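Novice: If you want the building blocks of each chain, they are given just below.
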Amino acid sequence: MSKTSKSPLVVKAKPASLIQGSPRVVNVGLSGFAEALAAQGVAVIQVDWSPPARGDADLATLLSKLSD
Amino acid sequence: MSDIRQVLREANAEAVHRMLAAEPVLIDVVAAADAIPELGEGMILHAGPPISWERMCGPMRGAVAGIAVFEGWANDLDAAAALAARGAFQFRPNHDFAAVGPMTGMTTASQPVMVVENQASGNRAFCTINEGLGKVMRFGGNDASVLTRLAWLRDVLGPALGTALRSIEGIELKSLVARGLTMGDEMHQRNVACSSLLLRSLAAALANTCGDRAILTTILSFIASNDQFFLNIAMAMGKAITDPVRDIKGASVVTAMSRNGTDFGIRVSGLGDEWFTAPVEMPDGLYFPGFSAVDANPDMGDSTIVETIGLGGFAMAAAPAVAGFVGAGAPSNAAHITHTMREITLAENPEWTIPALDYQGVPTAIDIRRVVETGIAPMINTGIAHREPGVGQVGAGVVRAPLACFESALWALGKRLGVT
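In order, the protein sequences belong to chains A and B. At position 24 of the first sequence (counting the first as 1) the number is 24 in the working numbering, and the numbers step up by one without a gap. At position 113 of the second sequence (counting the first as 1) the number is 1113 in the working numbering, and the numbers step up by one without a gap.
FYI, nobody ran anything at the bench for these hints, they're computed from the structure. Values in this document were obtained by computation on a predicted structure and should not be read as measured data. We treat Cβ as the ideally placed atom computed from N, Cα and C, and that holds for glycine. Be aware that one or more of the hints could be misleading.
[Unchecked claim] A short, non-exhaustive set of chain B residues, derived as facing chain A with CB atoms under 10 angstroms: (1) 1004; (2) 1005; (3) 1006; (4) 1007; (5) 1008; (6) 1009; (7) 1012; (8) 1369; (9) 1372; (10) 1373; (11) 1376; (12) 1407; (13) 1410; (14) 1411; (15) 1414; (16) 1420.
Whenever a hint applies, use it, and build me the whole structure from the sequences.
Specialist: Written out as structure tokens, the structure reads:
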């Protein structure tokens, strides 16, 4: 992907800026990662998430049929 | 497929409408046999889904023995237990008779029940009078002190409350609960505000209708000394609100959650009166001095009807003091719990709002689809009974409804709608 692309997926920040200063983290799913980072003083926001129907494919299919 | 989705959408909209349109009014206190004509000799209504004597937990057995002695069906507790084991009593869930009962939930013919009428739909629901704290029948207590108190409720308090309520044509509950939420109640483990508001509404009527000053003093003292007096009224209110939501074809809204100390059961609007059960969970809580988790009985009671209408654990943000009392974490965690329950409900109740959440309404109408999809189980605030008969309450805590109930109900709903 070229730097001049207008795609919203382009990362405009220079890679070097990601390792300069303190990291800021959004953790999605298993909270253990967020807890470990928080224990080290890293700014972290935990987003609770788990696979639909706890990963049960049959239930997920049923849910798709009953969604409105 | 689109037809099914439309059926679901319209059915759930109707379910939400009926819940929010309810107008519950506490109108009377009468003998259970007058409220429930089917309630004859030897018939015992209990909390939770159906259960046999053989599968009952310790406190439930203790309460059964005690209530049989109270009703005069046995001379003592041992004789009552022997009769129960021989099949002399008929056990049925309260929920089958428009009734609910806390913890063991004993309802029998001569006990007084409070009557809540849903004046939007005309149905009535019933619940016994709260006995107070300590050794009480709802926690499996069954000694002479417990039976003596039940006799006083039957012979003195029940008739006096009924007379007073009739003289003022009842007490409207929706606005009373709305005020209680702004005063720190969640109506399951904290009822001090609503109990006080109720007494304020009743005191003059009691004084007007009770001719004996000594009896009046005893009645006022009994109600004033019991912070949980309103719980049983909130439960009857919950049943009066949810019963009209039953049997809406295609609706995935929960109409009852209840437990008998062995099984947890739910009912779902689009599935009528069928129970979907799973083994009940152990509460996670705090214990009174001298007791610990090894003494605790698994979760029990019809009181989860208050969570079914958006109160209790769902309204935790209204009652941050309760979060600590039931071991649900810091008071600041209370708002998080209510926000999480919003993930599994279809609506907010605009008349029951929480100041600490900028007056957002309590999360209302649990949708089994959302529970299964998110894996978020309903949060319940609860009392904890001792696992042995006759001891009573040993603590308070929180417990989650088992997800398996919701998963099996979802399969049944899919089958009912022809998609499986």
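Novice: None of the hints should be skipped; say for each whether it holds.
Specialist: Each hint, compared with the structure:
1. 1004: This interface hint holds because 7 angstroms falls under the 10 angstroms limit.
2. 1005: holds, 4 angstroms
3. 1006: With a minimum Cβ separation of about 8 angstroms from chain A (threshold 10 angstroms), the hint on residue 1006 of chain B holds.
4. 1007: OK, holds: residue 1007 of chain B within 10 angstroms of chain A, min 9 angstroms.
5. 1008: holds, 5 angstroms
6. 1009: holds, 4 angstroms
7. 1012: Holds - the Cβ of residue 1012 of chain B comes within 10 angstroms of chain A, reaching about 8 angstroms at its closest.
8. 1369: Since chain A brings a Cβ to about 6 angstroms from residue 1369 of chain B, closer than 10 angstroms, the hint holds.
9. 1372: At 6 angstroms from the nearest chain A Cβ, residue 1372 of chain B passes the 10 angstroms test, so the hint holds.
10. 1373: Interface hint status for residue 1373 of chain B: holds (5 angstroms vs cutoff 10 angstroms).
11. 1376: Because about 9 angstroms separates residue 1376 of chain B from the closest Cβ in chain A, which is inside the 10 angstroms limit, the hint holds.
12. 1407: Since chain A brings a Cβ to about 6 angstroms from residue 1407 of chain B, closer than 10 angstroms, the hint holds.
13. 1410: holds, 6 angstroms
14. 1411: Status holds, d = 7 angstroms.
15. 1414: holds, 5 angstroms
16. 1420: holds, 6 angstroms
Checked against the numbered hints given earlier, this structure breaks none of them.
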